[in-house]
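Chemist: Protein chains in written order, with numbering that gives the first Met the number 0: chain A, 0 to 278; chain B, 0 to 99.
Treat the hints with care, as some may be off.
With the C-beta cut set under 8 Å, the calculated list includes, among others, these residues of chain A facing chain B [stated by the list, open to error]:
(1) Gly-13
(2) Pro-15
(3) Arg-167
(4) Gly-176
(5) Ile-184
(6) Met-185
(7) Leu-220
(8) Phe-232
Derived from the structure by calculation, the hints contain no laboratory data. We treat Cβ as the ideally placed atom computed from N, Cα and C, and that holds for glycine.
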Amino acid sequence: MIERRITFIIGDEGIPSWKLNQLKTLAGYFRAVVVMQNVTRLCQANAEQPVRIMSLGCMPGDLCQLLIEGSDAELACMVLTDFVAEQFLLVKTSGKKKNRNACSVVRSDKANSAFYLPFEMVISTQAVSAEQINLIQASDAKEMLLPRLCEMLNPDNPALLLEMMQEREQISSTCMGNEIALPHIMSVEIKQPAMAVIQLSQPVEWGSNRGPVTRLIAMVLPAPARRPHIEAFAHFSQALLEPDYCRLLTENTEPEAIKAVILHTLSRPFTVSCDTPKE
Amino acid sequence: MRIVAVTACPTGIAHTYMAAAELKKAAQPLGIQIMVETQGAMGIENQLSFQDIGRADVVLIASDIEIEHRARFSGSKIHCVTIEEVLTDPASVLRRCQEL
Numbered sequence: 000m001i002e003r004r005i006t007f008i009i010g011d012e013g014i015p016s017w018k019l020n021q022l023k024t025l026a027g028y029f030r031a032v033v034v035m036q037n038v039t040r041l042c043q044a045n046a047e048q049p050v051r052i053m054s055l056g057c058m059p060g061d062l063c064q065l066l067i068e069g070s071d072a073e074l075a076c077m078v079l080t081d082f083v084a085e086q087f088l089l090v091k092t093s094g095k096k097k098n099r100n101a102c103s104v105v106r107s108d109k110a111n112s113a114f115y116l117p118f119e120m121v122i123s124t125q126a127v128s129a130e131q132i133n134l135i136q137a138s139d140a141k142e143m144l145l146p147r148l149c150e151m152l153n154p155d156n157p158a159l160l161l162e163m164m165q166e167r168e169q170i171s172s173t174c175m176g177n178e179i180a181l182p183h184i185m186s187v188e189i190k191q192p193a194m195a196v197i198q199l200s201q202p203v204e205w206g207s208n209r210g211p212v213t214r215l216i217a218m219v220l221p222a223p224a225r226r227p228h229i230e231a232f233a234h235f236s237q238a239l240l241e242p243d244y245c246r247l248l249t250e251n252t253e254p255e256a257i258k259a260v261i262l263h264t265l266s267r268p269f270t271v272s273c274d275t276p277k278e
Numbered sequence: 000m001r002i003v004a005v006t007a008c009p010t011g012i013a014h015t016y017m018a019a020a021e022l023k024k025a026a027q028p029l030g031i032q033i034m035v036e037t038q039g040a041m042g043i044e045n046q047l048s049f050q051d052i053g054r055a056d057v058v059l060i061a062s063d064i065e066i067e068h069r070a071r072f073s074g075s076k077i078h079c080v081t082i083e084e085v086l087t088d089p090a091s092v093l094r095r096c097q098e099l
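For reference, chain A alone in the conformation it holds in the complex (with noise of 0.2 Å):
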């Protein structure tokens, strides 16, 4: 079965219901089944079915995503993705389509709030195919992938983080449940907020009884605490207990679609305030 996913923010109209029914009728012409998955308010509901998707409530603002499931996606997610870059705004979460109108995740993107930091943030992803995991697998995950994150963190001196990292394991396994580990640091040696998503094909063990992990997110921010950072890391990681939510960031696979995931949860708690950045 192919899978694919189209990224994107409702604009400041909303979904007005002419846009709905265009959507059906697109989704109509496939075998595929389009279900349109609103982030934000983690609901989703089938393509077909405009009634149900007018349930969601999406407002303007919110980051959706069409999920395309069946032997014609890849044409479905072409025709859609044209669609859904005329009427919404796309996020590009792919390098290959050329659209001139997708948006990038960035978090100082005026233009659109949904990835809106009022700080500095660093994000770097990777993935780790399936053969490095065999190694890994053969030895201790931990050993191989926490000094892996530090470098993405901090090129400059992964080695101070990575002795910060292995004594916040020591004390107590960072894994979330739900096939997420979240390794996190404060130090006051960190200069600057910064976050590692890796992303593995295949579940390895992170030393917790709550399960195998497969998308390693690592987070860093500098001490003493201030607040914007707090309110946003508390956020997302207060998001990870809601199962759906783990689900979009381990079943997305596309490095930008998951940062966007992440950016969109972390800048959550500026949005009413967004153009007075509180510091």
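Go by the hints and put chain B onto chain A.
Modeler: Here is chain B on its own, set in the frame of chain A:
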């Protein structure tokens, strides 16, 4: 039943708030009144007063580290759990408190 709880974790940016949210969510269907103090990176929030502690049947401490101001709870019935226990099955943690 009334429970007062304190959550804390080494970094204080994730687990502390997650555990607090889970406890509050799980308490409602069990008919438990719960107040949760978080000792996170922002310092102590929703601090428990002596009155709160005095009225509570059980003090629940969910933490992987030593908590601040523990002396407040001397004389109370204290139940200590790890953050992981709370995040895995908050309802059973609360049920254990009920059985104390």
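Chemist: Decide, hint by hint, whether the structure agrees.
Modeler: Do the hints match the structure? See the list:
no. : hint    : verdict
1   : Gly-13  : violated, 30 Å
2   : Pro-15  : violated, 36 Å
3   : Arg-167 : holds, 6 Å
4   : Gly-176 : holds, 7 Å
5   : Ile-184 : holds, 6 Å
6   : Met-185 : holds, 5 Å
7   : Leu-220 : holds, 6 Å
8   : Phe-232 : holds, 5 Å
The structure shown violates the earlier hints numbered 1, 2.
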